[in-house]
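Colleague: Please construct the entire structure, taking both the sequences and the accompanying hints into account.
Here the protein sequences come in this chain order: A and B. The opening residue of the first sequence carries number 1 in our numbering; numbering runs sequentially from there. The opening residue of the second sequence carries number 1 in our numbering; numbering runs sequentially from there.
Treat the hints as calculated values from the structure; they're not laboratory data. Mixed in with the good hints there might be a few duds.
With a straight-line cut-off of 20 Å between C-alpha atoms, the simulated DMTMM-like cross-links for lysine to aspartate or glutamate are [unchecked claim]:
(1) A/Lys63 with A/Asp51
(2) A/Lys101 with A/Asp339
(3) B/Lys142 with A/Asp339
(4) A/Lys343 with A/Glu66
(5) A/Lys106 with A/Asp231
(6) A/Lys343 with B/Asp147
(7) A/Lys63 with B/Asp147
(8) A/Lys318 with B/Glu65
(9) B/Lys85 with A/Glu320
(10) B/Lys85 with B/Glu68
(11) A/Lys318 with B/Glu64
(12) B/Lys37 with B/Glu68
(13) B/Lys63 with A/Glu320
(14) B/Lys142 with A/Asp259
(15) B/Lys142 with A/Glu62
(16) A/Lys106 with A/Glu258
(17) B/Lys85 with A/Asp339
(18) A/Lys63 with B/Asp9
(19) B/Lys85 with A/Asp231
(20) A/Lys63 with B/Glu77
(21) A/Lys309 with A/Glu267
(22) A/Lys192 with A/Asp231
(23) A/Lys79 with A/Asp51
(24) B/Lys63 with A/Asp339
(25) A/Lys263 with B/Glu64
(26) A/Lys79 with A/Glu161
(27) A/Lys318 with B/Asp61
(28) B/Lys142 with B/Asp61
(29) A/Lys343 with B/Asp61
(30) B/Lys142 with A/Asp158
(31) B/Lys63 with A/Glu62
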Amino acid sequence: MSPETSPTIVKTLDYTGSERLTMNMGPQHPSAHGVFRAILTLEGEKVVAVDAVIGYLHRCHEKLSETLTYAQYPSIASKTDYVAAMTSELAYVSAAERLAKIDVPKRAQYLRVLVAELQRVASHCLWLGTWCMDMGGALGGGATVFLYCIRERELVLDLFESLTGARLLYGFHQVGGVRYDMPEGWAGECRKTVDLIEQRLLEYEGLLESNAFFQMRTRGVGVISRELAEDVGIGGPLLRASGVAFDLRRAQPYSSYEDFDFKVPVETAGDCYARYQVRMVEFRESIKIVRQVLDGLPEGPISSRPGLKSVAQVRVPKGEMYTRVEGPRGEVGCYLIGDGGAKPYRMKWRGASFSNLAVLPYIIPGHQVADVVAIMGSVDPVFGEVDR
Amino acid sequence: MLQPLTDADARARLAEFPDAVVGAAGNPITVSVPPAKWAEFAAFAKDVLGCRFFSFMSAVDWKEEGLEVIAWVDNSEGGFSLLMKTRLGAGVSGCPSLVPVYRGANWMERECFDMFGIQFEGHPDLRRMLLPEDWVGHPLLKSYAVDTPYPPYR
Numbered sequence: 001m002s003p004e005t006s007p008t009i010v011k012t013l014d015y016t017g018s019e020r021l022t023m024n025m026g027p028q029h030p031s032a033h034g035v036f037r038a039i040l041t042l043e044g045e046k047v048v049a050v051d052a053v054i055g056y057l058h059r060c061h062e063k064l065s066e067t068l069t070y071a072q073y074p075s076i077a078s079k080t081d082y083v084a085a086m087t088s089e090l091a092y093v094s095a096a097e098r099l100a101k102i103d104v105p106k107r108a109q110y111l112r113v114l115v116a117e118l119q120r121v122a123s124h125c126l127w128l129g130t131w132c133m134d135m136g137g138a139l140g141g142g143a144t145v146f147l148y149c150i151r152e153r154e155l156v157l158d159l160f161e162s163l164t165g166a167r168l169l170y171g172f173h174q175v176g177g178v179r180y181d182m183p184e185g186w187a188g189e190c191r192k193t194v195d196l197i198e199q200r201l202l203e204y205e206g207l208l209e210s211n212a213f214f215q216m217r218t219r220g221v222g223v224i225s226r227e228l229a230e231d232v233g234i235g236g237p238l239l240r241a242s243g244v245a246f247d248l249r250r251a252q253p254y255s256s257y258e259d260f261d262f263k264v265p266v267e268t269a270g271d272c273y274a275r276y277q278v279r280m281v282e283f284r285e286s287i288k289i290v291r292q293v294l295d296g297l298p299e300g301p302i303s304s305r306p307g308l309k310s311v312a313q314v315r316v317p318k319g320e321m322y323t324r325v326e327g328p329r330g331e332v333g334c335y336l337i338g339d340g341g342a343k344p345y346r347m348k349w350r351g352a353s354f355s356n357l358a359v360l361p362y363i364i365p366g367h368q369v370a371d372v373v374a375i376m377g378s379v380d381p382v383f384g385e386v387d388r
Numbered sequence: 001m002l003q004p005l006t007d008a009d010a011r012a013r014l015a016e017f018p019d020a021v022v023g024a025a026g027n028p029i030t031v032s033v034p035p036a037k038w039a040e041f042a043a044f045a046k047d048v049l050g051c052r053f054f055s056f057m058s059a060v061d062w063k064e065e066g067l068e069v070i071a072w073v074d075n076s077e078g079g080f081s082l083l084m085k086t087r088l089g090a091g092v093s094g095c096p097s098l099v100p101v102y103r104g105a106n107w108m109e110r111e112c113f114d115m116f117g118i119q120f121e122g123h124p125d126l127r128r129m130l131l132p133e134d135w136v137g138h139p140l141l142k143s144y145a146v147d148t149p150y151p152p153y154r
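Modeller: As structure tokens, this is what we get:
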């Protein structure tokens, strides 16, 4: 058909690049790190609007928790953020403990800090690996950084396996303390592992920071202003990369964090590179805390409560409590309303990734499609926690 | 630079907002306001009390007493938190939106609408957040049974 007889062809030939195209990215997209659908409105290669569709992993944790007792739920809590299960468990049990005024022995508090910081190292390993893989071949052969990081993460998971018997979802925390103590020789293995990871961090930095493509794809990309960061309520490394020195471990210490000496890294650029810098410092600070815990671990019981004989044994009085912990992705919080029974009346889970992801519609417009992948990776979402 | 407000300063300044009922001492400062003053109070919290960090927002179903909407905001420099509450009243599902004040309320309110059916007046785009668009009912209401089958399996 000639252009004279077909208006469609003429229109196509007249394409000026100003037409808008709607493109669906996901839910099964390699850069989604889970199941996330972004409906992008494009002008050429430029994104002008994003509609984020989430909820594919929704399991209604909040409704479920109303049917489970305080003794049963902690092992489910780990399934919200399955990349950092230790911190999710901690958020729930500390809410129940504070509401019921249950003391936690010092040794258990230190062990909680120890696993939380090891978990941060493992989680940041996964973030760095997957992010670099998303940005792909430009970083010297695609999966190189990914495989290196996964190799190191495995070492931490091995430690968790010998501590709790599980590699991903631990059930380590319980109301009143922790469930397992360190086995014989574990502390030595732990020291060796963090020493090794600390050395390997230098390798990653060497690989990435001297790479011009890495710099080009991350510097000035996905800038979050300080004002936007606080307004949306993003947390963790994202917030600190935007110039807000807010770390719950420092601002509102829990589980004896006040005993440890660590730095809270802050950058002001707010771009993907600043988020990378903050996380690289956090790696080292976490390792520093791990060493301090191992050096100063007090003797004593690991739980203030007797062994459970019944799942309804933990009772929490009437009242409300919001406790939050600094997870690898930011503020993981649990708002709990007790009614005097063995099950909560209401539990609200504040997932760090949910709030972090909510910033995307504000920062992505104006960027190219390829940048969407870099920005998504720098946000480090875990969809179990977004969808809960 | 201005000195950040402390917890005690914030409690003193709260007297400027006559409709606010302030709770017991300690962190957080718990404040209840009537629904009509909800958005106005949020703006007061942000501008006067310096609570710029929006942590989360949710709701509680108190059965016969109706729904309660809560929001938690922080003054990160001053080191105190504010828990805002408003009781909508029995059978009422309308509430002013906080999106004009805090952009973080956008997704949180969509989630509350999804889970509790609260209609946030002034929300720019009130759709379901986590559940599919064709879902029937609002699961976190106490009247919604855990084992309610969902379409098309009803």
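Colleague: Need the list of violated hint numbers for this structure, in ascending order.
Modeller: 1, 5, 14, 18, 20, 21, 22, 23, 25 and 30
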